[in-house]
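Peer 1: Spelled out, the chains give:
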Amino acid sequence: MPTRRRLLAATAAAAASPALAACGEQAGAARMTKQARRVPGRRVNLVFWTWVPLQKAVALWNKHNPDIHVTVQTVPANTSGGYQKMHAALKAGDPPDLAQIEYYALPEFMLVRGLTELSAYGADRLKDTYVDWQWQQGVFAGRTYAIPQGSGPMGFFYRADLYDRWDIQVPRTWDAFRQAAMKIRKRSGGKSYITAFPPVNAQWFASFPWQRGAHWVRTEGNTWVVDLTSEETRQVADFWDGMVRDKLVAPIQDSQSSFFKGLQTGQIASWLGAQWQDALIRGNAPGTKGKWRVAEMPQWERGEHASANWGGSSTAILQGTRHPREALKFAHWLNTDPASIELLVEAGYGWPSVELELEKSPLGKPDPFFGGQVYNEVFQVSDRNVDTSWRFSPTTTQSYAHIQDNSGRVVAGHGTLQDALADAQTKFVDDLRAKGLDARSAR
Amino acid sequence: MTPSSTRRKPAARRRSARPDRKAWTFLGPFLAVYLFAMILPICYAIYQSLLKVERSGPLGLGEPKVTFAGLENYTLALEQTAFLEGFGRVLLFGAVQVPVMLLLALVLALLLDQVKDRWAGLLRATYFLPYGIPGVIATLLWGFLYVPGISPINDLLAELGFQPDFLGYDSVLWSIANIVVWEFTGYNMLIIVAQLKSIPQELYEAARIDGAGPWQVALRIKLPLVRPALILTCVFSIIGTMQLFAEPLVLKKLAPAVTNDYTPNLSAYFDAFANANVYLAAAKSVLLAVAAMVLSFGFLSLVGRSRKEDR
Chain L
1 MPTRRRLLAA
11 TAAAAASPAL
21 AACGEQAGAA
31 RMTKQARRVP
41 GRRVNLVFWT
51 WVPLQKAVAL
61 WNKHNPDIHV
71 TVQTVPANTS
81 GGYQKMHAAL
91 KAGDPPDLAQ
101 IEYYALPEFM
111 LVRGLTELSA
121 YGADRLKDTY
131 VDWQWQQGVF
141 AGRTYAIPQG
151 SGPMGFFYRA
161 DLYDRWDIQV
171 PRTWDAFRQA
181 AMKIRKRSGG
191 KSYITAFPPV
201 NAQWFASFPW
211 QRGAHWVRTE
221 GNTWVVDLTS
231 EETRQVADFW
241 DGMVRDKLVA
251 PIQDSQSSFF
261 KGLQTGQIAS
271 WLGAQWQDAL
281 IRGNAPGTKG
291 KWRVAEMPQW
301 ERGEHASANW
311 GGSSTAILQG
321 TRHPREALKF
331 AHWLNTDPAS
341 IELLVEAGYG
351 WPSVELELEK
361 SPLGKPDPFF
371 GGQVYNEVFQ
381 VSDRNVDTSW
391 RFSPTTTQSY
401 AHIQDNSGRV
411 VAGHGTLQDA
421 LADAQTKFVD
431 DLRAKGLDAR
441 SAR
Chain E
1 MTPSSTRRKP
11 AARRRSARPD
21 RKAWTFLGPF
31 LAVYLFAMIL
41 PICYAIYQSL
51 LKVERSGPLG
61 LGEPKVTFAG
71 LENYTLALEQ
81 TAFLEGFGRV
91 LLFGAVQVPV
101 MLLLALVLAL
111 LLDQVKDRWA
121 GLLRATYFLP
131 YGIPGVIATL
141 LWGFLYVPGI
151 SPINDLLAEL
161 GFQPDFLGYD
171 SVLWSIANIV
181 VWEFTGYNML
191 IIVAQLKSIP
201 QELYEAARID
211 GAGPWQVALR
221 IKLPLVRPAL
231 ILTCVFSIIG
241 TMQLFAEPLV
251 LKKLAPAVTN
261 DYTPNLSAYF
271 DAFANANVYL
281 AAAKSVLLAV
291 AAMVLSFGFL
301 SLVGRSRKED
311 R
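Chains L and E supply the protein sequences, listed in that same order. Heads up, the first sequence is in UniProt numbering, so the first residue is 1 and it goes up one at a time. Heads up, the second sequence is in UniProt numbering, so the first residue is 1 and it goes up one at a time.
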């Protein structure tokens, strides 16, 4: 009997031990950043998690900096696994030194204290090299937490050959866009659509209210205010409701095989996309070389140049690194060194975060895929007209997923986008509150 | 000690005191792993489900603190209609899929029992084969068979004038059910077959002498005697249904109808890993475990009661 009692006691103690250990439960990252002392002559090793193929630029760095070696480890893109992995690594106290984090996800990582505060390591001195609004994506309460890499100004990719054949003008306004959509359906004999409407892509869809001047998220004092039902957003939702209802758009998810097949065959005659999608179209519809052109997004008011942004990444230095100084040095070099940028542009990483002289950059060359057009001139105009006061909440991944859950249903023929957004707004606020934040609906 | 007591004591001792130490030695390795891999994580999950993060500073971006939340996470989870709808969905799924699968497994097992031994082995292996394929791979394979434009099944049905939408809002649940049936029928069949093998031959002989045909043997001897196996497979299936995860997660890429809260398990997963709220996820996991337990034990007591009534 005594043995059994002892065993029971031991079991109870073992069962209680996680409870005791968890008293030190961390709300976010388990390990804080601390600069390790540099030992002269010893190489510093940095690990960099990314899904952008920037190995060439990193190889260049490693060649010139034998004392700071960067190892690229490829992780799944953003929410399809990359961020999950980063959150787990932060919680476990074993994160990589550097990570690719998109602008919209930075507030989420801030909330778990997953980013190293870089102002302490002299990051603020680097500010003037970068485009201000992109730099601001990594600034919270006046301190800097990430080095911007690139953004995604929106434009209108279209098949010039098809528009010519059907004798359709490139739409300059959303009214004209709808007219063109109807003509395309008719003149292609029902084979083509003006664009695909991805059933579940809230980042893509958000660019339209953004262009209209809506602000889905803002802050008042310490409160997050969610506004998916403003007049601007309703107008945009109403427009797309009409397009979906009248079957003027193809319900095809972007960046899937059937989407690329549509681009290749002309089923999708144009696409409202971000600058970085040039590489995707080029790579996945090689048969259409020379037929594409780029124009500005259609406008709500004739003659305007309103634009929006889709995507954009930063090079963040995660909480827990032992080499923040070296990591910052590398992150700054990666995103500003002309030789590095040239390699990144080749890899299709987006619109640079540094002030750009287009004529001198590889981005400013006439491109045979786009029929010799210097198509990035269009994106430069777009970039300058992005409403940079758009903000992201610390729950974007989850809250945009609610929008997608609802929009998917709309595209399948159930309900309207307007109602879908109104419903998502309630869930959006709940997400923020579940995180322990003050939040409310705008109306 | 009186002779009578010595006669009784050893038997009692054999059951309690003496074998204890040896039994614990043998049980030790199992218990150690069980404690480490089951009990501790469960305790930790329950503990975490009672915590929350308290935020401070401008916009809550200041120093966060982990504090005791009481049952807040549980009320929060139960207030989420999408999470509760997930439960409804898996219940509906189970109510249809489990009986279909077990009936199929039972019929296959009974048929196999009739087949000559040489063939039985081959057929058994064939039916069991899908279980050897990981759920993720199986779903990828079936995914290709569901996606319009790629699927030969869709093409074939289109020839016949049908326009099936396997991944639509009303149909994707049953497409998942189809995958699960395909995966697990063979496994459940094998459990039933094992039980059938353990039925003594004398019973069959006696039945034959009494003039029972193969139908009567199946219905009156085999069916009642494989009852324990059926109950076991049913409990396993109920638990498996509640934990539905890999299949919808993989199909999510192909079907917008599969939302983040499609099943309770998916909901907990996205809270923990996409939304970085492990405390809410822990509460959802505990709720899921409780629901699975209630259903399993509820089912067991139900069949237990009906058996007593039979007597």
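If you are wondering where the hints come from, they were derived from the structure by calculation, not from laboratory data. Predicted, not measured: the structure shown is a model, and the values here were computed from it. Hints should not be assumed to be uniformly reliable.
[Unchecked claim] Dumping the calculated DSS-like pairs for lysine-lysine here, alpha-carbon to alpha-carbon at most 30 Å:
#1 L:Lys34 with E:Lys253
#2 L:Lys247 with E:Lys65
#3 L:Lys247 with L:Lys291
#4 E:Lys197 with L:Lys85
#5 L:Lys56 with L:Lys247
#6 E:Lys252 with L:Lys261
#7 L:Lys56 with L:Lys127
#8 L:Lys261 with E:Lys253
#9 L:Lys289 with L:Lys56
#10 L:Lys191 with E:Lys252
#11 E:Lys253 with L:Lys91
#12 L:Lys291 with L:Lys261
#13 L:Lys91 with E:Lys116
#14 L:Lys289 with L:Lys183
[Claimed, not checked] Below, a sample of chain L positions facing chain E; criterion: calculated Cβ distance under 7 Å:
#15 Glu25
#16 Pro66
#17 Ile68
#18 Val112
#19 Gln136
#20 Gly142
#21 Val200
#22 Asn222
#23 Thr229
#24 Ser258
#25 Phe260
#26 Gln398
#27 Gly408
#28 Gly436
[What the hints assert, rightly or not] Now the stretches of chain E that chain L is said to cover, found in silico as 3 or more residues with beta-carbon under 8 Å:
#29 65-77
#30 209-218
Ideal Cβ placement from N, Cα and C applies to all residues, glycine included.
Peer 1: Against this structure, judge whether each hint is valid.
Peer 2: Each hint, compared with the structure:
1. Among the hinted pairs, L:Lys34 with E:Lys253 is inconsistent with the structure: their alpha-carbon atoms are about 40 Å apart, more than 30 Å.
2. Distance check on the hinted pair: L:Lys247 and E:Lys65 sit about 51 Å apart at the alpha-carbon level, beyond 30 Å; violated.
3. For the hint linking L:Lys247 to L:Lys291, the alpha-carbon distance of about 25 Å falls within 30 Å, and the restraint holds.
4. Straight-line distance between C-alpha atoms of E:Lys197 and L:Lys85 comes to about 48 Å, which puts the hinted pair past the 30 Å bound.
5. As the CA atoms of L:Lys56 and L:Lys247 are separated by approximately 44 Å, the hinted pair breaks the 30 Å bound.
6. Between E:Lys252 and L:Lys261, the direct Cα distance comes to roughly 21 Å. Compliance with the 30 Å bound is thereby established for this hinted pair.
7. For the hint pairing L:Lys56 with L:Lys127, the CA-to-CA distance comes to about 25 Å; that is within 30 Å, so the pair holds.
8. For the hint pairing L:Lys261 with E:Lys253, the CA-to-CA distance comes to about 18 Å; that is within 30 Å, so the pair holds.
9. Taking the CA atoms of L:Lys289 and L:Lys56, the gap is near 26 Å; set against the 30 Å cutoff, the hint holds.
10. Under the criterion of a C-alpha separation no larger than 30 Å, the hint pairing L:Lys191 with E:Lys252 is consistent with the structure, at around 28 Å.
11. Between the alpha carbons of E:Lys253 and L:Lys91 the distance comes to roughly 27 Å, so the proposed pair stays at or under 30 Å and holds.
12. Of the supplied pair hints, the one linking L:Lys291 and L:Lys261 holds, its CA atoms being roughly 16 Å apart against a limit of 30 Å.
13. The straight-line distance between the Cα atoms of L:Lys91 and E:Lys116 is roughly 58 Å, outside the 30 Å bound, and the hint therefore fails.
14. A distance of roughly 24 Å separates the Cα atoms of L:Lys289 and L:Lys183; the hinted pair therefore holds under the 30 Å criterion.
15. Restraint check, L:Glu25 versus chain E: the minimum CB separation of about 4 Å is within 7 Å; hint holds.
16. About 37 Å separates the beta-carbon of L:Pro66 from the nearest beta-carbon of chain E, more than 7 Å, and the hint is not met.
17. Restraint check, L:Ile68 versus chain E: the minimum CB separation of about 30 Å is more than 7 Å; hint violated.
18. Checking L:Val112 against chain E by beta carbon gives a least distance of about 5 Å; that is within 7 Å, so the hint holds.
19. Because the beta carbon of L:Gln136 sits about 15 Å from the nearest beta carbon in chain E, more than 7 Å, this interface hint is broken.
20. Hint on L:Gly142 is violated. Least Cβ distance to chain E is approximately 10 Å, over the 7 Å limit.
21. Nearest Cβ of chain E to the Cβ of L:Val200: about 5 Å, under the 7 Å cut. The hint holds.
22. Because the beta carbon of L:Asn222 sits about 6 Å from the nearest beta carbon in chain E, less than 7 Å, this interface hint is met.
23. Look at L:Thr229: its Cβ only gets to about 19 Å from chain E, farther than 7 Å, so that hint breaks.
24. Taken as an interface hint, L:Ser258 checks out: its beta carbon lies about 6 Å from the nearest beta carbon of chain E, inside 7 Å.
25. Hint status for L:Phe260: violated, given a least beta-carbon distance of 12 Å to chain E, over 7 Å.
26. At about 4 Å, the closest approach between the beta carbon of L:Gln398 and any beta carbon in chain E falls short of 7 Å, and the interface hint on this residue holds.
27. Interface hint at L:Gly408: satisfied, since its Cβ lies 3 Å from the closest Cβ of chain E, which is below the 7 Å cut-off.
28. Below 7 Å, beta-carbon pairs count as interface contacts, and L:Gly436 has one with chain E at about 5 Å; its hint therefore holds.
29. Judged by the Cβ-Cβ criterion of 8 Å, the region 65-77 of chain E is covered by chain L as claimed, because 3 of its residues qualify and three suffice.
30. Counting residues of the region 209-218 of chain E whose beta carbon lies closer than 8 Å to any beta carbon of chain L gives 0, which falls below the threshold of three, so the coverage claim is violated.
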